[in-house]
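For this one, chain Y is given, so just place chain F on it according to the hints.
Next come the chains, spelled out residue by residue.
2 protein chains.
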Amino acid sequence: MSVTALKSALGHLEIDENPVSVRAKSRDFFWYSPVLKARMDHLTADFVVAPKSEAEVIEVLRQAHAHGVPVTVRGAGTGNYGQAMPMRGGIILHMKNMAAVKAIHPGRVVAEPGCLIKDLDAATRAHSGQELRMHPSTYSTATIGGFISGGSGGIGSCTWGVLRDLGNILRLRVVTAEAEPQVHEFTGEELHRVSHAYGTNGIITEVEMPLAPSYDWVDIFVTHPDFATSVRIAGDLGHQDGILKKLISVYEAPTAKAYFQRVAPHVAETDNLLGLMIAPQSMDGFLTFLARYPGASVIFRSDETEWPKEPGPVFEYGWNHTTLRALKVDPSITYLQVLYAPGVYEEKVAAIRAAFPGEVIQHLEAMRVDGKMAFAGLTLVKFTTEARLDEIIHQHEAMGCHVFNPHRYTLEEGGRQSTDATQLAFKRQADPKGILNPGKMIAWDAPDWDYTRMYTYQDMQAAE
Amino acid sequence: MSVTALKSALGHLEIDENPVSVRAKSRDFFWYSPVLKARMDHLTADFVVAPKSEAEVIEVLRQAHAHGVPVTVRGAGTGNYGQAMPMRGGIILHMKNMAAVKAIHPGRVVAEPGCLIKDLDAATRAHSGQELRMHPSTYSTATIGGFISGGSGGIGSCTWGVLRDLGNILRLRVVTAEAEPQVHEFTGEELHRVSHAYGTNGIITEVEMPLAPSYDWVDIFVTHPDFATSVRIAGDLGHQDGILKKLISVYEAPTAKAYFQRVAPHVAETDNLLGLMIAPQSMDGFLTFLARYPGASVIFRSDETEWPKEPGPVFEYGWNHTTLRALKVDPSITYLQVLYAPGVYEEKVAAIRAAFPGEVIQHLEAMRVDGKMAFAGLTLVKFTTEARLDEIIHQHEAMGCHVFNPHRYTLEEGGRQSTDATQLAFKRQADPKGILNPGKMIAWDAPDWDYTRMYTYQDMQAAE
Numbered sequence: 001m002s003v004t005a006l007k008s009a010l011g012h013l014e015i016d017e018n019p020v021s022v023r024a025k026s027r028d029f030f031w032y033s034p035v036l037k038a039r040m041d042h043l044t045a046d047f048v049v050a051p052k053s054e055a056e057v058i059e060v061l062r063q064a065h066a067h068g069v070p071v072t073v074r075g076a077g078t079g080n081y082g083q084a085m086p087m088r089g090g091i092i093l094h095m096k097n098m099a100a101v102k103a104i105h106p107g108r109v110v111a112e113p114g115c116l117i118k119d120l121d122a123a124t125r126a127h128s129g130q131e132l133r134m135h136p137s138t139y140s141t142a143t144i145g146g147f148i149s150g151g152s153g154g155i156g157s158c159t160w161g162v163l164r165d166l167g168n169i170l171r172l173r174v175v176t177a178e179a180e181p182q183v184h185e186f187t188g189e190e191l192h193r194v195s196h197a198y199g200t201n202g203i204i205t206e207v208e209m210p211l212a213p214s215y216d217w218v219d220i221f222v223t224h225p226d227f228a229t230s231v232r233i234a235g236d237l238g239h240q241d242g243i244l245k246k247l248i249s250v251y252e253a254p255t256a257k258a259y260f261q262r263v264a265p266h267v268a269e270t271d272n273l274l275g276l277m278i279a280p281q282s283m284d285g286f287l288t289f290l291a292r293y294p295g296a297s298v299i300f301r302s303d304e305t306e307w308p309k310e311p312g313p314v315f316e317y318g319w320n321h322t323t324l325r326a327l328k329v330d331p332s333i334t335y336l337q338v339l340y341a342p343g344v345y346e347e348k349v350a351a352i353r354a355a356f357p358g359e360v361i362q363h364l365e366a367m368r369v370d371g372k373m374a375f376a377g378l379t380l381v382k383f384t385t386e387a388r389l390d391e392i393i394h395q396h397e398a399m400g401c402h403v404f405n406p407h408r409y410t411l412e413e414g415g416r417q418s419t420d421a422t423q424l425a426f427k428r429q430a431d432p433k434g435i436l437n438p439g440k441m442i443a444w445d446a447p448d449w450d451y452t453r454m455y456t457y458q459d460m461q462a463a464e
Numbered sequence: 465m466s467v468t469a470l471k472s473a474l475g476h477l478e479i480d481e482n483p484v485s486v487r488a489k490s491r492d493f494f495w496y497s498p499v500l501k502a503r504m505d506h507l508t509a510d511f512v513v514a515p516k517s518e519a520e521v522i523e524v525l526r527q528a529h530a531h532g533v534p535v536t537v538r539g540a541g542t543g544n545y546g547q548a549m550p551m552r553g554g555i556i557l558h559m560k561n562m563a564a565v566k567a568i569h570p571g572r573v574v575a576e577p578g579c580l581i582k583d584l585d586a587a588t589r590a591h592s593g594q595e596l597r598m599h600p601s602t603y604s605t606a607t608i609g610g611f612i613s614g615g616s617g618g619i620g621s622c623t624w625g626v627l628r629d630l631g632n633i634l635r636l637r638v639v640t641a642e643a644e645p646q647v648h649e650f651t652g653e654e655l656h657r658v659s660h661a662y663g664t665n666g667i668i669t670e671v672e673m674p675l676a677p678s679y680d681w682v683d684i685f686v687t688h689p690d691f692a693t694s695v696r697i698a699g700d701l702g703h704q705d706g707i708l709k710k711l712i713s714v715y716e717a718p719t720a721k722a723y724f725q726r727v728a729p730h731v732a733e734t735d736n737l738l739g740l741m742i743a744p745q746s747m748d749g750f751l752t753f754l755a756r757y758p759g760a761s762v763i764f765r766s767d768e769t770e771w772p773k774e775p776g777p778v779f780e781y782g783w784n785h786t787t788l789r790a791l792k793v794d795p796s797i798t799y800l801q802v803l804y805a806p807g808v809y810e811e812k813v814a815a816i817r818a819a820f821p822g823e824v825i826q827h828l829e830a831m832r833v834d835g836k837m838a839f840a841g842l843t844l845v846k847f848t849t850e851a852r853l854d855e856i857i858h859q860h861e862a863m864g865c866h867v868f869n870p871h872r873y874t875l876e877e878g879g880r881q882s883t884d885a886t887q888l889a890f891k892r893q894a895d896p897k898g899i900l901n902p903g904k905m906i907a908w909d910a911p912d913w914d915y916t917r918m919y920t921y922q923d924m925q926a927a928e
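Heads up: the sequence lines are chains Y and F, in that order.
Read in order, the letters of the first sequence correspond to residues 1 to 464 in my numbering.
Read in order, the letters of the second sequence correspond to residues 465 to 928 in my numbering.
Hints listed in this document are in silico derivations from the structure and should not be mistaken for laboratory results.
Worth double-checking, as some hints may not be accurate.
[Said to hold, decoys possible] These stretches of chain F come out as covered by chain Y in the derived footprint (C-beta under 8 Å, 3 or more residues):
hint	stretch
1	704–712
2	735–746
3	767–775
4	780–793
5	835–843
[Said to hold, decoys possible] Not close to chain F: a few residues of chain Y, all C-beta gaps over 12 Å, as computed:
hint	residue
6	Glu17
7	Gly89
8	Pro106
9	Met134
10	Ser157
11	Arg171
12	Asp241
13	Ala258
14	Glu316
15	Glu359
Remember, predicted model here, so these are calculated numbers, not experimental data.
We put the beta carbon where it would ideally sit given N, CA and C, even for glycine.
Next comes chain Y alone, as it looks inside the complex:
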């Protein structure tokens, strides 16, 4: 590999080689995890290139292939599984200059991958009162390409399911890292080749996404003294097909009091909290629904309530922002990503809650799974040691709750814990030298890996 020769070959493109900013652009939110922080904090790329067009992406990949230099693509670097961390140096392919919204139609939008999600929504709202079906809690900073490559769902998933579900991504245009890079247009089953693949087998240069109507969503906080009832309310609300909702979050006490500083003055230590986004025309239906649950109390609704210190968007309390808020108050906090499946979520949440008193705090996000209500548990955990964290994860799995382990940087360990044959097959074709985000796909590096052990990338760049 010759980084110097590559840099010279790409000299006419926008390149950043200032060590301080290169390091900043080599980082994502991996540090949410004490485990990843201990292993990845030293990683940095050799330089950053920010292509302005698909033609420039092709040029970068052609040259990187020729010189055998690793290429790690990034949007805004808001992932927290180390998705955009360059394991072996090389170049960061920064997509900030490819941020155009190219076409807006009823129900769909075509954009470049580096477009910020908030900018995409602003454009489709102004054009025709439409918005993306779902977005991460990092709405204001994340890019659409990064969300597709490194995310799975989020705000909106209580209605639409996750990105992987049919219809939630319409088309992806992808450039390969072959001697002569190829351009592919993927739809249907082919989308899974590159969605949520961390850029390990192709670089997305254009996305087509479905749009939903954009409403002036009402942000709501509800308290309830009983946690099990709070979970029931969340699930039942998810089952109300006539009530339009974009977010249903449940926070076990004392999350609201302890970690949500602007909410804290309005709640007691014992209050469980629901964070909700409801369409204005569904507010009457929602309040009718909520009145059926004694003890539930609306403490904030953005269309009526004024707090001396406004809480900001309710979605910035949900999904991974919950962990961020808790971390700011208590640096010992880390988290899990647990799937509580349809039909059994109430009993499973209760059982898990009982199993780790004082050590684990429940945080649930409603989502649709195969057309049924389920919950993602982005559980807060008081971190002590890696061994104890692994034990907690194993215990979850022993109790029948799948964990998408956020303390692992590989696709497989953070996901389904087995080879994704579709992604691997496409990597063989699209990245014959294995230069795309190396070290993130175990199936490529170590096909016979035993998933009970943690994977450690054999050629990870050494700490200085």
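Frame of chain Y; chain F shown alone:
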């Protein structure tokens, strides 16, 4: 009661007393049922009044109350439970002159009840690309007020559930039949007082309904040789949260060949048929989904297929239009309305299908019930005798499938088969003389009724 005095008191309003047109305006689609046809065919009102404003509605009700004359309200008379049939003569309150669309906002519309559903959709589409969440198969002729008063769900229910679900009706303005008629605005739990009450306890003068985005829905016919697989495809499609759909109908063979004349040339006797409406941006996801089911074949899609004789809207094959098409070919056909509940619909449909070979043909419509996929069975039945029809219904119920009996003209027998306390309580207040659509609410006429017997209204107008 003094019809003559009432007619005179209302002489300045739009009145129709021509016996031929009065009789025509006194009829709905009760004749779908051989049982109702035998009992209700002779019914006719004394005259018809068509108010032009809420003030005129109030005047009619004040005078009708004073003179003790029955008032049966109707929209377009497209119901098929005899909802709008005047059991005891009196006046038909025809809402055709109250058809204004009053206001359109993001996600909601305010209209008068006599507005045709197709006109309402045309207005909201032209205004802002919106449409009603659901409508009956009588889209082109039915009114929004009639749908709310006499219907329960239909095209759109596979996504939104039924009218009764929270959020699917926003507000109803209602005039009572008291000595001095009162005007009420109902929201939330109060909506159930008058929705699906056949106008027995108040007259709706304004409706506020939620709107969904209006897409250029693609009409689709799919065939499959196996019926159980067809049901599975329908249910699985309903569970695809990322694919926007407005209609999922399943027709057992030989319905398509025998009763759908314009479809018949394109199918075999043994083909089961699916009728679907899918949003254009979801077509790729839908076709990807369908390719997972060997044997499924798209024989028509409205955006691409040209048949020598166009089939017309696919929704005009579904819900109660299926029965209508079958009746036209074979006058001995009648039907049921069966609920196949979430989780068990596949096994229940199979069991019912096996129980009545050659006598019953399955026709299923996907709908959401409490947030879960279920099916309404608008089953075709080859009618022989009333006794046999009752036996078939009882056998359905013995096998755990609730029947909304479409061969009964009362609210209770056609619905939940028990008193609706909310509707009854409001009738006591709103209609103290019992002049509103008399004979349709058993709870009013005969509170201790035994629902194993058919109710026959004691004062039904005699046949001449």
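Hints versus structure:
1. 704–712: Result for this restraint: holds, n = 5.
2. 735–746: holds (count 4)
3. 767–775: Violated: only 0 residues of the stretch 767–775 of chain F have a Cβ under 8 Å from chain Y.
4. 780–793: Violated: only 0 residues of the stretch 780–793 of chain F have a Cβ under 8 Å from chain Y.
5. 835–843: Contact hint for the stretch 835–843 of chain F vs chain Y: holds, 3 residues under 8 Å.
6. Glu17: holds (42 Å)
7. Gly89: At roughly 38 Å from the nearest Cβ of chain F, glycine 89 of chain Y sits farther out than 12 Å, so the non-interface label holds.
8. Pro106: violated (6 Å)
9. Met134: violated (10 Å)
10. Ser157: violated (9 Å)
11. Arg171: Violated, since 8 Å does not exceed 12 Å.
12. Asp241: Violated, since 4 Å does not exceed 12 Å.
13. Ala258: holds (32 Å)
14. Glu316: Fine: 24 Å to the nearest Cβ keeps glutamate 316 of chain Y off the interface.
15. Glu359: holds (33 Å)
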